[in-house]
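Asks: Here is how the chains run, residue by residue.
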Amino acid sequence: EAGVAQSPRYKIIEKRQSVAFWCNPISGHATLYWYQQILGQGPKLLIQFQNNGVVDDSQLPKDRFSAERLKGVDSTLKIQPAKLEDSAVYLCASSLGLGITGEEQYFGPGTRLTVT
Amino acid sequence: LAKTTQPISMDSYEGQEVNITCSHNNIATNDYITWYQQFPSQGPRFIIQGYKTKVTNEVASLFIPADRKSSTLSLPRVSLSDTAVYYCLLGAGSYQLTFGKGTKLSVIP
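Just so you know, the protein sequences line up as chains A and B, in that order. Per my numbering, the first sequence runs over residues 38 to 153. Per my numbering, the second sequence runs over residues -7 to 101.
Keep in mind the hints are simulated off the structure, nothing from the lab. Warning: the hint list may mix true and false statements.
[Unchecked claim] Calculated lysine to any residue pairs in the SDA-like style (CA-CA distance at most 20 Å, straight line):
hint: 1; chain 1: A; residue 1: K81; chain 2: B; residue 2: F91
hint: 2; chain 1: A; residue 1: K81; chain 2: B; residue 2: K46
hint: 3; chain 1: B; residue 1: K44; chain 2: A; residue 2: E140
hint: 4; chain 1: B; residue 1: K96; chain 2: A; residue 2: G77
hint: 5; chain 1: B; residue 1: K(-5); chain 2: A; residue 2: I75
hint: 6; chain 1: A; residue 1: K120; chain 2: A; residue 2: A39
hint: 7; chain 1: B; residue 1: K96; chain 2: A; residue 2: K99
hint: 8; chain 1: B; residue 1: K93; chain 2: A; residue 2: A125
hint: 9; chain 1: B; residue 1: K(-5); chain 2: A; residue 2: Q78
hint: 10; chain 1: A; residue 1: K81; chain 2: B; residue 2: A52
hint: 11; chain 1: A; residue 1: K81; chain 2: B; residue 2: K44
hint: 12; chain 1: B; residue 1: K(-5); chain 2: A; residue 2: D93
hint: 13; chain 1: A; residue 1: K99; chain 2: A; residue 2: E122
hint: 14; chain 1: B; residue 1: K46; chain 2: A; residue 2: E141
[Unchecked claim] One-sided and incomplete, this derived list gives chain A residues near chain B with beta-carbon spacing under 7 Å:
hint: 15; residue: G79
hint: 16; residue: A125
hint: 17; residue: L128
hint: 18; residue: E141
hint: 19; residue: F144
From the three backbone atoms N, C-alpha and C, an ideal C-beta is built for every residue, glycine too.
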């Protein structure tokens, strides 16, 4: 079974530029998550989708971050404009069900973003 | 949101059993306890999940006392490849899953 795919793997941009990350979850998985992981810290949930609807985006900085999940499959996370503190690894994960009972999440390899 | 507390780091020799304890005094009734493992430059990987008592799978055991205010991940006979960061998470009725800083396990030859 193919895992969660993410692209690009690495991205370097200057502050105030925009950037987009793409995620393709495991086929058939209803729930998709985006996490931000700053060096030395655990992942922080940014947004959670159930199919194509947003379940939780309470920690998403909505003034600069946006995300969508087209047709309940692929997802894109965008940052516009980027700040230095956005330098982190952005992880995408998916789970089979509705994510209610803390079910197993399958993570992609992540996108390492460096903002200079 | 219920918080978890884990040791920042642990060292162990190869072949030993390692126990990592997670404290979660304010665990909610419907919270499950889940452990993930993360290697450098990779996303976290699910290890084990439980609600109460003991759960065992092919890689680890999870011990949860009756009051559920803590849990212990047990890794039998660790090898160098078990060197990683281990996270304890709570999640259920609230959708939000919170990763703490995790425990960095270093296995020494």
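Asks: It remains to establish, for every hint, whether it holds in the given structure.
Replies: Each hint, compared with the structure:
1. A:K81 with B:F91: holds, 7 Å
2. A:K81 with B:K46: violated, 28 Å
3. B:K44 with A:E140: This hinted pair holds, its Cα atoms lying about 16 Å apart.
4. B:K96 with A:G77: Holds: K96 of chain B and G77 of chain A sit about 10 Å apart, inside 20 Å.
5. B:K(-5) with A:I75: Within the cut-off at roughly 19 Å; holds.
6. A:K120 with A:A39: violated, 33 Å
7. B:K96 with A:K99: Measuring from Cα to Cα gives roughly 32 Å; hence the hint is violated.
8. B:K93 with A:A125: Status holds; Cα separation ~15 Å.
9. B:K(-5) with A:Q78: Judged against 20 Å, a Cα distance of about 15 Å means the pair holds.
10. A:K81 with B:A52: violated, 25 Å
11. A:K81 with B:K44: violated, 26 Å
12. B:K(-5) with A:D93: Holds, because 18 Å separates the two Cα atoms, which is no more than 20 Å.
13. A:K99 with A:E122: holds, 15 Å
14. B:K46 with A:E141: holds, 18 Å
15. G79: Check passed: Cβ of G79 of chain A comes within 3 Å of chain B, closer than 7 Å.
16. A125: violated, 13 Å
17. L128: holds, 5 Å
18. E141: holds, 4 Å
19. F144: With a closest approach of 3 Å, the F144 of chain A hint holds.
Consistency note: the structure conflicts with the earlier hints numbered 2, 6, 7, 10, 11, 16.
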